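J.: Residue-level listing of the chains:
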Amino acid sequence: MNTENAFVETIKENEALIYKVTAVYGNDSEDRKDLYQEIVLQLWKAFEKFKNQSQISTWLYRVALNTAISRLRKTKKEGQMVSFDAGLHVLEDSYDPVLEQRSKDLYQHISMLNDIEKAVILLFLEDKSHQEIAQITGLTVSNVGTRMGRIKEKLKKGIAKV
Amino acid sequence: MELEEMKQTWQELSGELEKQKKLTNEIILKMAHEKSKNSLGKMVLFETIGGLGMCMALLVGLLLNMLNGSFQTTPLAVCALLSGALFIFSGYISWDFIAKMKKINLLENSIEESQQNFIALKKASVFYKKVGVWSSLPTMLFFIPVVLKVFIGKDIFTDFAAAKEELFSVIGLSILIAVPMVYFLFRFYSKNMKAAGEAIEQIDEQ
Chain A
0 MNTENAFVET IKENEALIYK VTAVYGNDSE DRKDLYQEIV LQLWKAFEKF KNQSQISTWL
60 YRVALNTAIS RLRKTKKEGQ MVSFDAGLHV LEDSYDPVLE QRSKDLYQHI SMLNDIEKAV
120 ILLFLEDKSH QEIAQITGLT VSNVGTRMGR IKEKLKKGIA KV
Chain B
0 MELEEMKQTW QELSGELEKQ KKLTNEIILK MAHEKSKNSL GKMVLFETIG GLGMCMALLV
60 GLLLNMLNGS FQTTPLAVCA LLSGALFIFS GYISWDFIAK MKKINLLENS IEESQQNFIA
120 LKKASVFYKK VGVWSSLPTM LFFIPVVLKV FIGKDIFTDF AAAKEELFSV IGLSILIAVP
180 MVYFLFRFYS KNMKAAGEAI EQIDEQ
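Residue numbers (numbering that gives the first Met the number 0), protein chains in the order written: chain A, 0 to 161; chain B, 0 to 205.
For the record, the hints were derived by calculation from the structure and aren't laboratory data. Among the clues, some could well be false.
Listed below are the simulated PhoX-like cross-link pairs for lysine-lysine, each with C-alpha atoms no more than 25 Å apart in a straight line [unchecked claim]:
(1) A:Lys127 to B:Lys18
(2) B:Lys99 to B:Lys190
(3) A:Lys19 to B:Lys122
(4) B:Lys193 to A:Lys44
(5) A:Lys127 to B:Lys6
Keep in mind the model is a prediction, meaning the values are calculated, not measured.
One chain only, chain A, in its complex shape (with noise of 0.2 Å):
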C-alpha cells in the first residue's frame, strides 16, 4: 500500500475521532470545518515522520489535540479565522432528539474547561486510563489526576450556574 492509500485509510477509520476533537475545540459549524481540514493537514505532513514509534491512536489524538490547542490560542492572538471550503460534508446529521440534548449539555459542560482540561476531559470520555492520558498530552501521570479532580471541581461549580 502506498503512502496515500495508508493515510487515506488511516483517516477514515479515526474520522471519528478526529471529529470529536473538533467538537471539542470548534466554536460553530464552519470553524469545525476549518479545525478538521487543519488537523488532516497536520496529519498528513507528519504521518511519513510516523513510523509505528506509538500506537496509532496515540499519535493521532496528540497530533489532533496538539492542533486543535494551537490553532486555537493562534486564533485567540490574531482574532480572525479563514474560511474554508473543500466539500466537506460530514457528521452533521442529527441524531435522535433526547441524544442531541444530552450532547448539547456535554459539550456545555466541556466548553466550561480550558485548553488543556478539555484534552484531558476528552481523553477520559475516550476510556483512556490516566497512563495514556499523560502519553498522549505529555502531562505526567500525576498532574492528569491532579487536573482530572480540578475537572470535576470545574464541573460541579459549572452544574450549580447551569
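Chain A is already provided as a structure; the job is to place chain B on it using the hints.
T.: Just chain B, lined up with the frame of chain A:
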C-alpha cells in the same frame, strides 16, 4: 451532568459517529492539499498578472513603438532591443515560475514528485530573486532612455542637456517606486512560499 453520565453520552455519540462515516478518499486528500494550493494559487495569480502579463504588455508597447519608428538613432534602437530582450527573459522567468508552481499538486502527484517539485520551486525562487536584483540596474539603463523617448519625446543620446531634467526625474521616480515594490514583492513571495512549504513541509524534509 456527572462524569459517568458524560462518559455514557460520549460513548453513545461515538457509536453514532462510527455509523456515520462519510469521508471519501478525494475529500481527505483535498483537505491535505488545500493549504498548499491556496498559497501557491495566490502566487500563480500574482505572477500571471504582475509578472507575465506586465512583461507581455511592455513588450507589445515596445514593438508598436518600434514599428512606428520611435527609435531612430542607433543607441536608442539598441536600448529598445535590449529592453525587449529583458522583457522576453523576464516573461520566460515568470512563465517558468508559474509552471513550477502549477506542478505542485498533492492530489495528482506522488509524495516524491511533490517533494522534488517543491525543491525545484524553492531553488528557482532563490535563483530568480538573485536574477531580479542583478538585472534591475541594466533594465534601468536600457529602459529609461526608451521611456523618455516614448512618453516625453526626448532622445538623451542626441540632446542630453534637453533631456537631463526629465532623466533625473525618471531615475528618482523609478527608485521611489522600485524600492517599496521590491520590498512588498519579497515579502509576498516569502510569506506564500513559507505557507506552501509548511503545507508540504514533510515532503520537503524527506
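J.: It remains to establish, for every hint, whether it holds in the given structure.
T.: Verification of the hints:
1. A:Lys127 to B:Lys18: 22 Å, holds
2. B:Lys99 to B:Lys190: At roughly 17 Å apart (the allowed maximum being 25 Å), lysine 190 (chain B) and lysine 99 (chain B) satisfy the hint.
3. A:Lys19 to B:Lys122: 41 Å, violated
4. B:Lys193 to A:Lys44: 14 Å, holds
5. A:Lys127 to B:Lys6: 11 Å, holds
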